[in-house]
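Protein chains in written order, with our numbering: chain A, 1 to 286; chain B, 1 to 286.
In short, the hints are calculated from the structure, not lab data.
Mixed in with the good hints there might be a few duds.
If chains are identical, the list can't say which one is meant, so a pair holds when it fits in one copy or spans any two.
Stated by the list, open to error - Here are the simulated BS3-like cross-link-like pairs (lysine-lysine), alpha carbons at most 30 Å apart as the crow flies:
| id | residue 1 | residue 2 |
| --- | --- | --- |
| 1 | 280 | 153 |
| 2 | 21 | 153 |
| 3 | 217 | 21 |
| 4 | 21 | 280 |
| 5 | 217 | 280 |
| 6 | 153 | 236 |
| 7 | 236 | 217 |
| 8 | 217 | 153 |
| 9 | 236 | 21 |
Number of protein chains: 2
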Amino acid sequence: MITLLGTGLLGSAFARAFLRKGEAVRVWNRTIARARPLARDGAIVVEGDVAEAVHGAERVHLVLADDLAVDSVLAAAAPGFAPGVLVFDHSTTSPRGAAARTAHWRARDVVYVHAPVFMGPQSALEHNGMILVSGDREVVARVTPLLAPMTGKVVDVGPRVERAAAFKLLGNLILLSFGAAFADMLALARAMDIAPADVRTLLDHFDPGPSFVRRFKRITEARYDQPTWDLAMARKDAGLMQAEADRGGFELRVLPGLAALMDEMIARGLGEADWTVIAKDLVEGT
Amino acid sequence: MITLLGTGLLGSAFARAFLRKGEAVRVWNRTIARARPLARDGAIVVEGDVAEAVHGAERVHLVLADDLAVDSVLAAAAPGFAPGVLVFDHSTTSPRGAAARTAHWRARDVVYVHAPVFMGPQSALEHNGMILVSGDREVVARVTPLLAPMTGKVVDVGPRVERAAAFKLLGNLILLSFGAAFADMLALARAMDIAPADVRTLLDHFDPGPSFVRRFKRITEARYDQPTWDLAMARKDAGLMQAEADRGGFELRVLPGLAALMDEMIARGLGEADWTVIAKDLVEGT
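The following block holds chain A by itself, in its conformation from the complex (with noise of 0.2 Å):
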């Protein structure tokens, strides 16, 4: 018996794929409407309180809001837990929090274990995505044969409990920073009078996405020396963009920030550098 907690757009995914594979599904949920579409999937759902819906239950799975949901829970849940339950958490939350979370549950004999997700609901609902794991090897080594059915694979990010947290809010940071650029390029886009359809033109030839990772690593590089585009002339071309959003009286969310961060750094001498040395300080740890 597999309980889940918590039956938002992943949560809901998550039963589903569970029951398809044929197992046995319990799931609550505070918002108990939430939960009941469930029902017509094959799970049973419990009117009840948390600990009636764990009981007996040797896998407990939460999908929750944040830090404050995962905690009130499982103090309800707790005394529904049976001997030996294995408790995987699948929220982001605080490293902080999770890290107090698994000693406060192994000095009560349950075995908790943060495993947030990579993945939307249909990749839920079709076992591909990413869980991230992370902590004490016995932990790691147990969990993962169960958890490498729920996705396509598992990263173990190593042995500081903390650290899937952690690594969980880096990939989400990438996200909203896409977003954010995305706003940022259609305010601009807007300010220059340019439909949004025809930005995606722009992307149909050129597409930076694929050399992500490759710029990531440059700017962790510090070959600041061998400029391919330098400070002095990245920081006009911001100069130049936050001119025409503001004549068209659009305002850029991203941009602002960054360009105070390049004036830091040519005031610091550094304008004919490559321009990635502004992450110079983060990347030499100064």
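Add chain B to chain A, keeping to what the hints say.
Same frame as chain A, but now just chain B:
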């Protein structure tokens, strides 16, 4: 005879590429010492004024810093322009500047074509990369065969003469946005005690780059009622990232502006919409 004005990183690479193809090339630079190394490659380095450098040339290529440099160099060069000279400007300039110059020089029987490029010095040497053109249909048709050998791709972005300049700014904004994202990723990683090299490990497993264009399309499709990541959850994650950065004493440059935008949208009641709703006003044009 081709004259190249501006022997910075990209200009020097273009000069060498022309020379390798057997073209006669004259080069000039405001700081002449930066042009002299091209003599070893077979270029004629003009030590005199810029009018002398363009004298008798059929084609003049400019790779200069900004609008001001282009305007002043062209004004100084004008007395030397041969009848029917073609002037190609590969500088990244303002759209308005490009449009004004096209009109200004047309009135003086000079065909000025703004043709900014997406190429580093290496791709200029190897004739791969991308040149943008826009404007008068006859002019674009006439110059495309001349520009094509410089690169693998000449992209015509339409009849409005300032469009090439505008698309060049959009493309550079993507690159700057990547840089901003990298800076935030490194700052967040450092705040969470993760080394830059370990962030690269994450990217080995989770490379969102190839999905860049698909994600951009999604943001322009405005399917806010089919969330895969709802705005409230994305905002919660942004808060976790900011808290980690603050705790570690690292400044994030991109995220604060994005978080402010998310807060505005949540205040408008859009918290349960897909998080791509951040660009709603820009996509829908309200």
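Broken hints, numbered, in rising order?
When the structure is compared with the hints, numbers 1, 3, 4, 9 turn out to be violated.
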